[in-house]
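Novice: Residue strings, one per chain:
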Amino acid sequence: MVAKDTILSVDRLTVRFDASPPLLKRLVTGAGRRTVHAVEEVDFEVARGSTFALVGESGCGKSTIARTIAGIQAPTGGSISFMGVDIAGFRTRHAAMPYRRNLQMIFQDPYASLNPRWRIGRIVAEPILTHGLMKPGAALKARVAELLETVGLSPGDTAKFPHQFSGGQRQRISIARALASNPAFVVCDEPTSALDVSVQAQILNLMKRLQRERGLTYLLISHNLAVVAHMADAMGVMYLGRLVEQGNAAQILARPLHPYTRLLLDTVPNPRAPNRARARLSGEVPSPLAPPSGCAFHPRCPLANARCARERPQPIRVEAALVACHAVEEGRLPSRPRANENCLAIPGDAA
Amino acid sequence: MSALLSVQGLRVEIAQRHRVLTAVDDVSFDIAAGEILGVVGESGAGKSVTGTAVLGLLERPAYQAAGRILFDGRRIDTLDEDAMRALRGREIAAVFQDPLTSLDPLMTIGDQLVETMRTHLDLTQAEAVERAARLLAEVGIPAPRERLASYPHEMSGGMRQRVVLALAFCCEPRLIIADEPTTALDVSIQAQILDLLRAMCRERGTAVMLVTHDMGVIAEVTDHVAVMYAGRLVEVGPTRRLLAAAAHPYTRGLMASIPDMYRRDEELMQIPGSMPRLDAPVPGCAFHPRCPQALARCAGERPPSFTTGASQVACWLADPAGRSAA
Amino acid sequence: MSLVEMGRTVGSWWQGDVAYRFRRSPVAILAALVGLALLVAAMGAPVLAPYDAFDPAAANAADARLPPGGEGLFGDTYLLGTDPQGRDMLSAMLYGLRTSLVVGLASVAAAAIAGVLLGLMAGYFGGVLDAFIMRAADVQLSFPAILIALLIDGVARTAMPSALHAELAVPILIAAIAASFWVQYARTVRGLVLVERSREYVLAAKVTGVSTARILLTHILPNVLGPVLVIATINLALAILTESTLSFLGVGLPSTQPSLGSLVRIGNEFVFSGDWWISALPGLLLVLLSLSVNIFGDWLRDALNPKLAS
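Protein chains in written order, with the working numbering: chain A, 2 to 352; chain B, 377 to 702; chain C, 604 to 913.
Take these hints with a grain of salt, some might be off.
Stretch-level coverage of chain A by chain C, calculated; a stretch enters the list once three of its residues show a Cβ under 8 Å from a Cβ in chain C [to be verified]:
#	segment
1	65-76
2	88-99
3	286-298
Pulled from the structure, derived: some chain A residues nowhere near chain B, Cβ distances all over 12 Å [stated by the list, open to error]:
#	residue
4	Arg13
5	Ala20
6	Leu24
7	Met135
8	Arg144
9	Glu150
10	Gln315
11	Ala321
12	Pro335
The hints are simulated quantities; they were obtained by calculation from the structure and are not laboratory data.
Keep in mind that this is a model prediction, so the values were computed, not measured.
Idealized CB from N, CA, C, for every residue including glycine.
Using the sequences and the hints, build the whole thing.
Specialist: Below, the structure written as structure tokens:
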């Protein structure tokens, strides 16, 4: 990718989990070791001030990537370079502190992401105190109040506990906490999927405003393609631990190339296009314990041939996107109607 | 067209220590045989409570305080526990969000299907097994005969929800109450399940009350849609018409706040504030503090349901008298 | 926190669910009141008791084994009678209650602190440390509590000169009881930590770079303390009974340091000669104490369990 100012660069990132039964059971039953291939050789870069979205179905590895970048999951292989520093090289907590100050995270569940026994003021002040940015006192209180106002809450809320807030308000508190150490980069793991749509709109608008005002970079993890379409500049589509297609978000959504991306886009229910007939994604995602040979998508792919089952496709460049698919490479890809052609026509009497 | 299910003036209250909360207030709607009605709303709007009330499964401290529920012209909200249980297995079936709550983890899926059918239908063991296998094939489970001997934990989430559908359809019910049936599933599996639900209802003429928070699901499968807000119905109408040109300001705001896959706006429309909590009800129209078009009377008078075209809208803006006066 | 704020906190607690259930449960109120009264009586023993139970000079051999209400040689009236050494039973019982409560509270505190810390570490770090702590707990569980206490006491008795042992009797007893009770805390806390450690508020602290010790102590610990409190309350009664059992068997506290258990033991020899009060009165007090603590503990467990809340 040609990015003039890259803030995050992920190179051949691989994360595997050991899912073996306990030693004793292995000895008794003769069962072997088992490995979950959560993320396999993923490459991508994120430009400063932009939003990069990772999409895919549950178990595709997108949340694992988020956690690895946020430093709460150790990579098995590959490297992550953040602001020019390889973060896998940190040996001690102290060495990692400047990086942690610049990288914060927003979580999915607004009911689990705030310590239920802590007052809001203490929750929002924690990153500031942890990084020694301020000492406890009036200045810190003023800073916390200012952060709460930034996210649309009242400064008087500092003395309240999380259970006194609604889901949307809690997500605002999470955002205030994430901003407290003035980070450059925020990992957003399904930030609105637990919220109602009207609240989702408020949170997405807030996130966009903060990005504009503070030049934030977002890594957005979402299964909701409409949210991605609204937020992302670039996106990557994941299937079973691998990136199958990545590049400019607008291009991928308008002209998807990979058969999986195409079917995923067709599958998403769209309230603006009711009862439309369209292709369906059949079958289910295979187990990451034993991913299929060759292209992981070939058992479900309508375009699969013998080569797909045998050989793993390498990413090739098509305009502003990278696609890993033999059908694209061999020019076997059927043409596709423009995505929004079958959208709802508004009846004439809609006055 | 006479309604298969008719809910009239339903009101559900929740008794608390010092006060009584109103979870559902003055909700009326009809579902015709073979029709799929979507009930949509945000969390706490009362949609699930309405479904639970129709199933006769309200549990203390919630209770039905007013209104009538008619099934096939017969009042069912006054039935005793035994009669309601017989009706629930035979004529009205339920599908819930988590398939594990509908399936017994200690029984094979074959035994569960056979037991349900033999409780409600006059079938021999062999006939019931035969029919169970046919049903599993119909809901798209590969190798159905072998699968009869499986336990729920041996199947994936999508497969389990297929089994739940088979269980719901096994006694040929006339009405299915589906409460967020696909919320726990991935989009590709969700689409498969919704297709299946719609196809099976079309073939059998089963009516469905589909409770969901997802406008996409509503668009995908429903014929009519009822929008709930703060325990009340704000708008009921044919799905296509309601999605294209909603009449109630809440429905319009809700639609506008959903990001568009194919159009990128710098800012989404947003409804300011949040839905009133049950313990702090709003007088007049419950939506008026958040409504961009609120009139003076909205704060004091609760709007009745006005009929505009094929829709019913509970909003003073839809008042024919008010419009002609303006 | 200012006084007003404190008042408000207490006030909001009193309006809360737990307090509401407390106000609605006469049994819990009664148990709490009895427990509180016994605690006050025990802590106030030096002031409340008519005689000093530790002072051999205050005991009068001529007044031995007087029945309740009996009058002594020098005109003293003993409300609850005297013991075989001529000690006033009421005073001995108050001091005994104090010893029993101190031993019970201290051993529960020691067991809770050790168990909670071990459980926190086992649950949070997992792996070899977890396996080691939990297997040690399994071994511990396969011995009855009283056996472990007997063992520790026995070793201490042979390893130390008797004067030193008498001096260290209370700490040894506390250690012995704590050693048999920590497992319950460790297991409970480990199970809760396994749930809490993957919750997003803990992940958020990790992302921020909060140290592991701080995460354990300021984030996870406050969220697992509820069940610990319940176990501790129920354990308190058990610990007091264990101490009494050990003292009754003669391996607990020496008879110069009255505890409710040793008082029962002393009186045991005289029950058949008709001097019932020496055993029966401290025994009744013991029953009253453990019953009130137990009832309160049971109520607390139910009140804090959201699944039982109706």
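Novice: Now look at each hint and say whether the structure bears it out.
Specialist: Evaluated hints:
Remark: the segment 65-76 of chain A is confirmed as covered by chain C, as 4 of its residues place a Cβ nearer than 8 Å to a Cβ of that chain, reaching the required three. Counting residues of the segment 88-99 of chain A whose CB lies closer than 8 Å to any CB of chain C gives 3, so the stated coverage by that chain holds, three being the minimum. Remark: the segment 286-298 of chain A is not confirmed as covered by chain C, as 0 of its residues place a Cβ nearer than 8 Å to a Cβ of that chain, below the required three. Arg13 of chain A, annotated as away from the interface, keeps every beta carbon of chain B farther than 12 Å; the closest lies near 27 Å.
For Ala20 of chain A, the condition that its CB be more than 12 Å from all CB atoms of chain B holds, with the nearest at approximately 16 Å. Once the 12 Å rule is applied to beta carbons, Leu24 of chain A is consistent with being away from chain B; the minimum gap is 24 Å. Its beta-carbon lying about 32 Å from the closest one in chain B, Met135 of chain A satisfies the requirement of being farther than 12 Å from that chain. With 12 Å as the threshold on Cβ separation, the claim that Arg144 of chain A sits away from chain B holds: the shortest Cβ distance comes to roughly 27 Å.
Once the 12 Å rule is applied to beta carbons, Glu150 of chain A is consistent with being away from chain B; the minimum gap is 16 Å. The beta carbon of Gln315 of chain A is kept farther than 12 Å from every beta carbon of chain B, the shortest such distance being approximately 25 Å. At roughly 16 Å, the least C-beta separation between Ala321 of chain A and chain B is larger than 12 Å, which holds for a residue marked as non-interface. The beta carbon of Pro335 of chain A is kept farther than 12 Å from every beta carbon of chain B, the shortest such distance being approximately 20 Å.
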